[in-house]
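Undergrad: My request is simple: use the sequences and hints to build the entire structure.
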Amino acid sequence: MDLHRVKKIYQQEKENLLLDLKPQDKPLAFILGGQPASGKSNLANVVISQFPNANFLFVNGDIYREFHPQAKDLIKDPHTYSEKTQIFSNFFTEELIKEAIKNKYNIIVEGTMRNPQVPLNTAKMFKENGFYVEALAISAPASFTEIGLYTRYQEEINFQGVGRLADIKSHHSAVEGILNSLDALYDKKVVDKIQIYSYQGKSHIITFEQKNERWNYDVLPSEEVIYSREKQLKDKEMIESIIQRGDKALENMNAEIKNNLIDLLNELEEYLRNLEENQTRGFKR
Numbered sequence: 001m002d003l004h005r006v007k008k009i010y011q012q013e014k015e016n017l018l019l020d021l022k023p024q025d026k027p028l029a030f031i032l033g034g035q036p037a038s039g040k041s042n043l044a045n046v047v048i049s050q051f052p053n054a055n056f057l058f059v060n061g062d063i064y065r066e067f068h069p070q071a072k073d074l075i076k077d078p079h080t081y082s083e084k085t086q087i088f089s090n091f092f093t094e095e096l097i098k099e100a101i102k103n104k105y106n107i108i109v110e111g112t113m114r115n116p117q118v119p120l121n122t123a124k125m126f127k128e129n130g131f132y133v134e135a136l137a138i139s140a141p142a143s144f145t146e147i148g149l150y151t152r153y154q155e156e157i158n159f160q161g162v163g164r165l166a167d168i169k170s171h172h173s174a175v176e177g178i179l180n181s182l183d184a185l186y187d188k189k190v191v192d193k194i195q196i197y198s199y200q201g202k203s204h205i206i207t208f209e210q211k212n213e214r215w216n217y218d219v220l221p222s223e224e225v226i227y228s229r230e231k232q233l234k235d236k237e238m239i240e241s242i243i244q245r246g247d248k249a250l251e252n253m254n255a256e257i258k259n260n261l262i263d264l265l266n267e268l269e270e271y272l273r274n275l276e277e278n279q280t281r282g283f284k285r
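Read left to right, the sequence shown gives residues 1 to 285 (full-length UniProt numbering).
Hints were generated in silico from the structure; no laboratory data involved. Fair warning: there could be bad hints in the mix.
[Said to hold, decoys possible] Each pair of labels, with its calculated beta carbon distance range: (1) D218 / M1: 19 to 25 Å; (2) M1 / V219: 41 to 47 Å; (3) K8 / Q210: 23 to 29 Å; (4) K124 / I262: 22 to 28 Å.
[Claimed, not checked] Straight line, CA to CA, 20 Å or less: simulated DMTMM-like cross-link-like pairs of lysine to aspartate or glutamate: (5) K236 / E209; (6) K98 / D62; (7) K236 / D192; (8) K14 / D62; (9) K98 / E156; (10) K72 / E128; (11) K193 / E223; (12) K193 / D218; (13) K84 / D62; (14) K248 / E95; (15) K193 / E224; (16) K76 / D183; (17) K7 / D77; (18) K234 / D183; (19) K127 / D167; (20) K189 / E209; (21) K188 / E95; (22) K188 / E209; (23) K169 / D62; (24) K188 / D218; (25) K248 / E156; (26) K127 / D187; (27) K7 / E128; (28) K202 / E237; (29) K14 / E94; (30) K234 / E277; (31) K124 / E155; (32) K8 / D25; (33) K127 / E209; (34) K76 / E155; (35) K124 / D167; (36) K76 / D62; (37) K84 / D167; (38) K258 / D247; (39) K26 / E155.
The beta carbon of each residue, even a glycine, is placed where N, CA and C say it ideally should be.
TA: What follows is the structure, given as structure tokens:
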């Protein structure tokens, strides 16, 4: 679809997307990150709980895909939907960020952080325009979220008849990219605070905070994310719940995607058996 038409659709939707927002003397900007199916949307709830009286513009590129005139037909092919609607995701996100900066709106921006330059540039723009800026990220094992891609897709189909399957290559890029993104934000000191949470935002891991242009921790965020991922891979209850959710999703899944999920579940089940055996041997000693 040509950009001119996308711009026209944006102008039609813009008023509703910016409804009830008010300029702020000290605007707030929160950049959320995590690979697909990590539960990063739950980070928005964290922000809202920490700033209950603030009114936010919530920017999530995936939401704007539905403004494509053929979105209802395109989503029937989960393998091409993201690519064919990407122009809406990109354009709406960029324009809404510009609106927030121009009008000093509080804003929450959700993304994967797979490309370090994107959150870095976004944070710089906010900072240079007088915003208080925080980054919040999910630390999740790749195996958890790769299974989550398929289970979430099937759950959406069960609930509403259609679902969006995130691109697996983008997922893998985000698993590594978020490490570099958080370290870049830390090194360049373009955010006031970095908060890291576990898979699905279930628990707080660590908060990096600047005081007098110095961080309160001398360890890189990537090191904390890697350590946390390894720790979560020892959580048997969590692994069992992911397997159970995956098994439930298999019941109505089409054959092509089903085989992918079966392979992933088998790998995680084998990992769980090895984990239990190792823990048992360790206990006996």
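Undergrad: Output the numbers, in ascending order, of every earlier hint that fails for this structure.
TA: 1, 3, 4, 5, 7, 9, 10, 14, 16, 17, 18, 19, 21, 27, 31, 32, 35, 39
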